[in-house]
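Trainee: Protein sequences appear in the order of chains A and B. Number 22 in the working numbering belongs to position 22 of the first sequence; there are no gaps in the numbering. Number 294 in the working numbering belongs to position 294 of the second sequence; there are no gaps in the numbering.
A portion of the hints provided could be inaccurate.
Below, a list of computed lysine-lysine pairs in the DSS-like style, where the Cα atoms sit at most 30 Å apart [said to hold, decoys possible]: (1) A:Lys80 x B:Lys199; (2) A:Lys80 x B:Lys209; (3) B:Lys209 x B:Lys148; (4) B:Lys199 x A:Lys8; (5) A:Lys86 x A:Lys8; (6) B:Lys199 x B:Lys53; (7) B:Lys199 x B:Lys125; (8) A:Lys86 x B:Lys199; (9) B:Lys209 x A:Lys81; (10) B:Lys209 x A:Lys86; (11) B:Lys199 x A:Lys81; (12) A:Lys8 x A:Lys81; (13) B:Lys199 x B:Lys217; (14) B:Lys199 x B:Lys209.
If you're looking for bench data, these hints aren't it; they were derived computationally from the structure.
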Amino acid sequence: MSDEVTNKIIEIIAEQAMVDPSDVPPERSLEDLGLDSLSLVEVVFGIEEAFDISVPFNANDPSDSDFDITNVQAIVDGVKKLIADKENA
Amino acid sequence: MHRVAVTGLGVISALGVGREAHFDGLAEGRNGIRQLEMRDVERLMIQIGAQVKGFDETAYFGRQELALFDRVTQFALVAAAEAFEQSGLEITDDLGLQTATIIATAMGGLHTQDENYRTVYQDQKNRVHPFIIPRLMANAPVSQVSMKYGLKGPAYSVATACASSNHAIGQAFNLVRSGAARAAVTGGTESVLVFGGVKAWEGLRVMSKDGCRPFSKTRNGMVLGEGCAILILERMEDAVARGATVLAEICGVGATADASDIVAPDADGASRAMILALADAGMRADEVGYINAHGTATAMNDRTEAAAIRQALGPAADDVMVSSTKSMHGHAIGAAGALEAAAVLMALQKGVIAPTINYDEPDPEITLDVVPNQAREAKIGAALSNAFAFGGLNAVLAFRAAD
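In isolation and in its complexed conformation, chain B is listed as follows (with noise of 0.2 Å):
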């Protein structure tokens, strides 16, 4: 068994594009989530979201590159390449062979899928670009990545919906503690922000028209957001060896189904992967500093989650720092876990909290500290990261200070 060190990451989300304006906009308690814009808006019920602007994709990619990459390739392709020159981990023949890719997303190349149904039903066109499958599929993001630096080990996508980035990561970690791979490069990549995407969750009636608000009384749903956020993954003797800065370590990993519902959340579920995470990691409820919410803003997430989170901590609940980041870069889905991942590794590594902001009401329900609207600056050893899927699907991630 090996210790797991992060030594890169790379973010891109409605906060900014890169690591550093992501972290700003979660110290600052920067709100990313604005009116959308995109073709036929005013046909939409819900015209909120946390849009990544100012990516411009031109800047980084040929016209025969795009011909090929959907928005999630592109992002996951410009945070890979961030996370790597951060990390200077240098992928020779030798450690490509035992590289993994485990890159996570729910819906794939959604853009590519809504251009195309546009164009076949909609224009009413029998012609279609010739790349749209090697554009769409699910796993266009991690074979990307494994052809762009030779990553030859096991690579695959992760589809759990809301969780898709803690499972992605959480089986990288485990693939690098256990020996399986040497290196590895997780994370998540998403953008469902296009009509058809944003048309089937105004659908199912959970979303918010005026604002994301987790933990407040006041919530009234989830706001859709997009993003990327890729972690490098290597044994610590290696990172230590070269002298690579360790971002913070990986410990542990939970993972659980609820059995119940293909919507509704499970307490029980949520708690028993929080103390599976626990566990795995050899850590104590009270060694937990933060914890990083799944925290929604749908009235029954944030509830279910906030009586999780004291069954799994018991009295420890009551001196965690909970918050959802949520609030600022919009649910990100399959990329989630990831940009929530960043927001864990800014807390331990440069000791700022991120808050949970619109926080203008507190639930009697929810008697947690949720880091109200202002980022707090406290030293913390541990910390945890929550994500609860729709289909009842839970993995929490747990991690440490680099020592």
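The following block holds chain A by itself, in its conformation from the complex (with noise of 0.2 Å):
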């Protein structure tokens, strides 16, 4: 888990929320780290600067968009493969 990207998500989560980042363990929840909608924003932005990446995220209804934030974990699989997708194509 301890991968360059990860950590680099995790440093984005932990900011935003004012925690340590050895406090964002994967499997936590974004909810649970006391991230509101305007957090979350500000984190998907942080994200697509930091990769050079463009996450679909549509804050009207995170649930339904195509990208999952649900927990750190997620997040991270959803960037590794935007970042692939931007390298393959």
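Can you join these two chains into the complex? Each is in its own frame, and there are hints to help.
Mentor: In structure tokens form, the structure reads like this:
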């Protein structure tokens, strides 16, 4: 789990949640970390900037977006896929 | 205290240039939302919007005027001319001194800003056109309208994001009602449909990529629009005395702040604004035949607004028609309330209730009559128009049909 992409995503989420990265285990949900809808949008922006990707996320209905944000691991998986898609494009 | 008559209306929206074009679009349930046409559109994630088409500024203004008029000012002047023509109100020297000009814009001359930031940042030029400031300032539309017609009473712009127009019209209404002004030119004008404007909205992740579906379960966000509507207000007794046609009466305004969140709406703040508007108008909930909803088609607004309407109207909410005309003319931000006041005037004067189009699946959380997809003919005596802004600033207007 401790690869570069994962570490960077945890760093971004931890910064928004105002907690230490060690308090952001992969199974933890973003809701549980106390992230509201605005923080979530900032997390998505941070990820897009860090990896130069475009994340398909609509704040109107996060659960219905093409991007799973239920927990940290889901985000990591999603981002890795987007990075791979970009490299294969 | 004076009763306040609306005697003139001018409109520019994605449904057309001119009041009747706007009315026809609303009555037909026409969708004014299309693929955006602008420079660098391919760099946008959101590529749809309700752009005004067929507005040729050179048909209205000369070269020297255009050097001073941003698109929002052009809209305001053209709509004001149409409103004055309908009203027949003649601004004498004396009346000019007593006429207020309160025209909203949330963003001001955004076209001018966008173009000139490009010039200095992207194109690296060190010289810009000398009139950028008088073009982009948020009071430019107000000032140009006051200059054009010699309106020398209180004049200012109002910026409360999506509620700007309702606050402006409410303010103008109060000036005329209280006697502080004899007449008022009011409304709102906006055009954020430039690359930087759309890009900024895109960032918030509340925009739909595929359409505006207010109150529908399938809704997935708002769609930007642009436009302007200008209303002429005067004392009812003056309007009657000079034999003017009264389009409707404005009889109340309610304004509140949620004081809770910078973007999320709050049902309590919204319902308090409706209750205050009703009280201000001396109107019972069961008199209200139509509510032009804020209805942005975001998941949160529509659910919250529906709850707020129930809270404010009580059992009368079961019988009231509620529609979001943003489904047709998009969300015109600072001009939204004015374009929607036009829909209310159409309802009261012509008995045509504009529909909520693109309604394809009921949302079990929204049990109101949202006038789905087709306009309805109905004679109503009173109506409300809601506007709930980002930042939790709410303004609701109450109207009655002319006697």
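Trainee: Determine for every hint whether it applies to the structure shown.
Mentor: Quick rundown of the hints versus the structure:
1. The suggested pairing of Lys80 (chain A) with Lys199 (chain B) holds, with an alpha-carbon distance near 25 Å, which does not exceed 30 Å.
2. A distance of roughly 24 Å separates the Cα atoms of Lys80 (chain A) and Lys209 (chain B); the hinted pair therefore holds under the 30 Å criterion.
3. Our distance criterion of 30 Å between C-alpha atoms is broken by Lys209 (chain B) and Lys148 (chain B), whose separation comes to about 40 Å.
4. With a C-alpha separation of about 26 Å, the suggested pairing of Lys199 (chain B) with Lys8 (chain A) holds against the 30 Å cut-off.
5. Among the hinted pairs, Lys86 (chain A) with Lys8 (chain A) is consistent with the structure: their alpha-carbon atoms are about 18 Å apart, no more than 30 Å.
6. Among the hinted pairs, Lys199 (chain B) with Lys53 (chain B) is consistent with the structure: their alpha-carbon atoms are about 21 Å apart, no more than 30 Å.
7. Of the pairs offered as hints, the one joining Lys199 (chain B) and Lys125 (chain B) holds, with about 23 Å between alpha carbons and a cut-off of 30 Å not exceeded.
8. For the given pair, Lys86 (chain A) sits about 22 Å from Lys199 (chain B) by alpha-carbon distance, which is consistent with the 30 Å threshold.
9. A distance of roughly 22 Å separates the Cα atoms of Lys209 (chain B) and Lys81 (chain A); the hinted pair therefore holds under the 30 Å criterion.
10. Pair hint Lys209 (chain B) plus Lys86 (chain A) holds up; C-alpha atoms about 21 Å apart against a cutoff of 30 Å.
11. For the suggested pair Lys199 (chain B) and Lys81 (chain A), the alpha carbons sit about 25 Å apart, so the restraint of at most 30 Å is met.
12. For the suggested pair Lys8 (chain A) and Lys81 (chain A), the alpha carbons sit about 15 Å apart, so the restraint of at most 30 Å is met.
13. Using a Cα cut-off of 30 Å, the hinted pair Lys199 (chain B) and Lys217 (chain B) holds, with the two alpha carbons roughly 26 Å apart.
14. The hinted pair formed by Lys199 (chain B) and Lys209 (chain B) meets the criterion: a straight-line CA distance of about 13 Å does not exceed 30 Å.
Going down the numbered hints, you'll see the structure goes against just number 3.
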